[in-house]
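Once you have looked at the hints, place chain G on chain B.
For reference, the chains in residue letters:
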Amino acid sequence: GESVGLHLPTLSVQEGDNSIINCAYSNSASDYFIWYKQESGKGPQFIIDIRSNMDKRQGQRVTVLLNKTVKHLSLQIAATQPGDSAVYFCAENVGAGKSTFGDGTTLTVKP
Amino acid sequence: GAVVSQHPSWVICKSGTSVKIECRSLDFQATTMFWYRQFPKQSLMLMATSNEGSKATYEQGVEKDKFLINHASLTLSTLTVTSAHPEDSSFYICSARPYKGLNTEAFFGQGTRLTVV
Chain B
108 GESVGLHLPT LSVQEGDNSI INCAYSNSAS DYFIWYKQES GKGPQFIIDI RSNMDKRQGQ
168 RVTVLLNKTV KHLSLQIAAT QPGDSAVYFC AENVGAGKST FGDGTTLTVK P
Chain G
20 GAVVSQHPSW VICKSGTSVK IECRSLDFQA TTMFWYRQFP KQSLMLMATS NEGSKATYEQ
80 GVEKDKFLIN HASLTLSTLT VTSAHPEDSS FYICSARPYK GLNTEAFFGQ GTRLTVV
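As given, the protein sequences belong to chains B and G, one line each in that order. Every position in the first sequence, counted from 1, becomes a number in my numbering once 107 is added. Every position in the second sequence, counted from 1, becomes a number in my numbering once 19 is added.
It cannot be assumed that every hint is accurate.
Capping the alpha-carbon separation at 30 Å, the derived lysine-lysine pairs in DSS-like fashion look like this [as the list claims (entries may be wrong)]:
{"#": "1", "chain 1": "G", "residue 1": "K60", "chain 2": "B", "residue 2": "K217"}
{"#": "2", "chain 1": "B", "residue 1": "K175", "chain 2": "G", "residue 2": "K39"}
{"#": "3", "chain 1": "G", "residue 1": "K74", "chain 2": "B", "residue 2": "K175"}
{"#": "4", "chain 1": "G", "residue 1": "K85", "chain 2": "B", "residue 2": "K149"}
{"#": "5", "chain 1": "B", "residue 1": "K178", "chain 2": "G", "residue 2": "K85"}
{"#": "6", "chain 1": "G", "residue 1": "K74", "chain 2": "G", "residue 2": "K39"}
{"#": "7", "chain 1": "B", "residue 1": "K217", "chain 2": "G", "residue 2": "K39"}
{"#": "8", "chain 1": "B", "residue 1": "K149", "chain 2": "G", "residue 2": "K119"}
{"#": "9", "chain 1": "B", "residue 1": "K217", "chain 2": "G", "residue 2": "K119"}
{"#": "10", "chain 1": "G", "residue 1": "K74", "chain 2": "B", "residue 2": "K149"}
{"#": "11", "chain 1": "G", "residue 1": "K119", "chain 2": "B", "residue 2": "K175"}
{"#": "12", "chain 1": "G", "residue 1": "K60", "chain 2": "B", "residue 2": "K178"}
{"#": "13", "chain 1": "B", "residue 1": "K205", "chain 2": "G", "residue 2": "K119"}
{"#": "14", "chain 1": "B", "residue 1": "K149", "chain 2": "G", "residue 2": "K33"}
{"#": "15", "chain 1": "G", "residue 1": "K39", "chain 2": "G", "residue 2": "K60"}
{"#": "16", "chain 1": "G", "residue 1": "K33", "chain 2": "G", "residue 2": "K60"}
{"#": "17", "chain 1": "G", "residue 1": "K119", "chain 2": "B", "residue 2": "K178"}
Distance windows between CB atoms, simulated [claimed, not checked]:
{"#": "18", "chain 1": "B", "residue 1": "S135", "chain 2": "G", "residue 2": "P105", "range": "17 to 27 Å"}
{"#": "19", "chain 1": "G", "residue 1": "N89", "chain 2": "B", "residue 2": "N134", "range": "48 to 58 Å"}
{"#": "20", "chain 1": "B", "residue 1": "R168", "chain 2": "G", "residue 2": "N122", "range": "15 to 25 Å"}
{"#": "21", "chain 1": "B", "residue 1": "D138", "chain 2": "G", "residue 2": "T101", "range": "28 to 38 Å"}
{"#": "22", "chain 1": "G", "residue 1": "K85", "chain 2": "B", "residue 2": "H179", "range": "35 to 45 Å"}
Below, a sample of chain G positions facing chain B; criterion: calculated Cβ distance under 10 Å [as the list claims (entries may be wrong)]:
{"#": "23", "residue": "H26"}
{"#": "24", "residue": "K39"}
{"#": "25", "residue": "Y55"}
{"#": "26", "residue": "K60"}
{"#": "27", "residue": "Q61"}
{"#": "28", "residue": "T99"}
{"#": "29", "residue": "T101"}
{"#": "30", "residue": "H104"}
{"#": "31", "residue": "S108"}
{"#": "32", "residue": "F110"}
For the record, the hints were derived by calculation from the structure and aren't laboratory data. Ideal Cβ placement from N, Cα and C applies to all residues, glycine included.
Isolated chain B (complex conformation) (with noise of 0.2 Å):
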C-alpha cells in the first residue's frame, strides 16, 4: 500500500545548530504535504506545507524542500532551539483530504 516513512528514527542536536529531518514518500500522485510536530501528550501542530508545483518553501526559522524525482522531503530547521524538541511527522494528502503520517522523528536539542 501507499506509505509514508522516515529515514532516521531520532536525531540529536547542539542548541543552536540547524537540523535536516528526512521523510521519504511513496504515492508519486501525492500533491500536498505536511510537516506537524507533535509535543509528548499532545496533538500534532502544523509546522509547513508545501505543493507539488513547488520544491522548497520557507516559514519563520523552517523550510521544507521537495524533491518529487526520488520521492523524498525535508525540515530544516535553522538555529534550534529546546522549545523545538519534540516527534516531527511527515504526512501526505492521500485524496478527500485524508493524510497519511509518516512514522516519526525525535528530535532532541541539547543546550
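Frame of chain B, contents of chain G only:
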C-alpha cells in the same frame, strides 16, 4: 487561529464499558473531521472520516460497530468506543480543516488518552 478542542483530555474506564470522546471546532465550521489513533512511540493512524449529516467512512480494519462516530452538527463530532477492552487503550486525536479545499492544513485537537482497566 483555528482551534479544535477535545474532551476529555484523559479517561480511565473499566473493561466492557463505553466511552465517548468529543471533538469540537471552536471558531469554524467543519463538515468533515478525522479521527486518529496513536499508540505509544508510534505514528498517527487514521481511523475514520466523520461527515456531518451522514455516515462516517472507516478505514480498512477499523470496526465501525466498535468505534461509533456521530457528526450531528457542523462543530461537533463524537467518537464512542463501545465495550472497551485494554487493547483499546490509546491516544485518540481528531482533526479538521478550517479552510476550504482539500489541500489545506489540518488542525488537531489536544488528544484524549484512553486507559481501559
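Hint check results:
1. G/K60 <-> B/K217: Distance of about 21 Å is within 30 Å: holds.
2. B/K175 <-> G/K39: With Cα atoms ~41 Å apart, B/K175 and G/K39 exceed 30 Å; violated.
3. G/K74 <-> B/K175: Not satisfied, since the Cα-Cα distance of roughly 36 Å exceeds 30 Å.
4. G/K85 <-> B/K149: holds (24 Å)
5. B/K178 <-> G/K85: violated (37 Å)
6. G/K74 <-> G/K39: holds (17 Å)
7. B/K217 <-> G/K39: This hinted pair is violated, its Cα atoms lying about 40 Å apart.
8. B/K149 <-> G/K119: holds (25 Å)
9. B/K217 <-> G/K119: violated (40 Å)
10. G/K74 <-> B/K149: Satisfied, since the Cα-Cα distance of roughly 28 Å is no more than 30 Å.
11. G/K119 <-> B/K175: Within the cut-off at roughly 25 Å; holds.
12. G/K60 <-> B/K178: Holds, at roughly 25 Å.
13. B/K205 <-> G/K119: It holds: about 14 Å lies between the C-alpha atoms, which stays within 30 Å.
14. B/K149 <-> G/K33: holds (24 Å)
15. G/K39 <-> G/K60: With Cα atoms ~24 Å apart, G/K39 and G/K60 stay inside 30 Å; holds.
16. G/K33 <-> G/K60: The hint holds at about 24 Å.
17. G/K119 <-> B/K178: This hinted pair holds, its Cα atoms lying about 27 Å apart.
18. B/S135 <-> G/P105: 17 to 27 Å: For G/P105 against B/S135, whose Cβ atoms are near 40 Å apart, the range 17 to 27 Å is violated.
19. G/N89 <-> B/N134: 48 to 58 Å: Roughly 31 Å apart at Cβ, these two residues miss the hinted range, so it is violated.
20. B/R168 <-> G/N122: 15 to 25 Å: holds (24 Å)
21. B/D138 <-> G/T101: 28 to 38 Å: holds (37 Å)
22. G/K85 <-> B/H179: 35 to 45 Å: With Cβ atoms ~37 Å apart, the hint holds.
23. H26: violated (13 Å)
24. K39: violated (18 Å)
25. Y55: Nearest chain B Cβ about 8 Å off; hint holds.
26. K60: holds (8 Å)
27. Q61: Holds: closest Cβ of chain B sits about 8 Å from G/Q61, inside 10 Å.
28. T99: violated (20 Å)
29. T101: violated (23 Å)
30. H104: violated (23 Å)
31. S108: violated (15 Å)
32. F110: Because about 8 Å separates G/F110 from the closest Cβ in chain B, which is inside the 10 Å limit, the hint holds.
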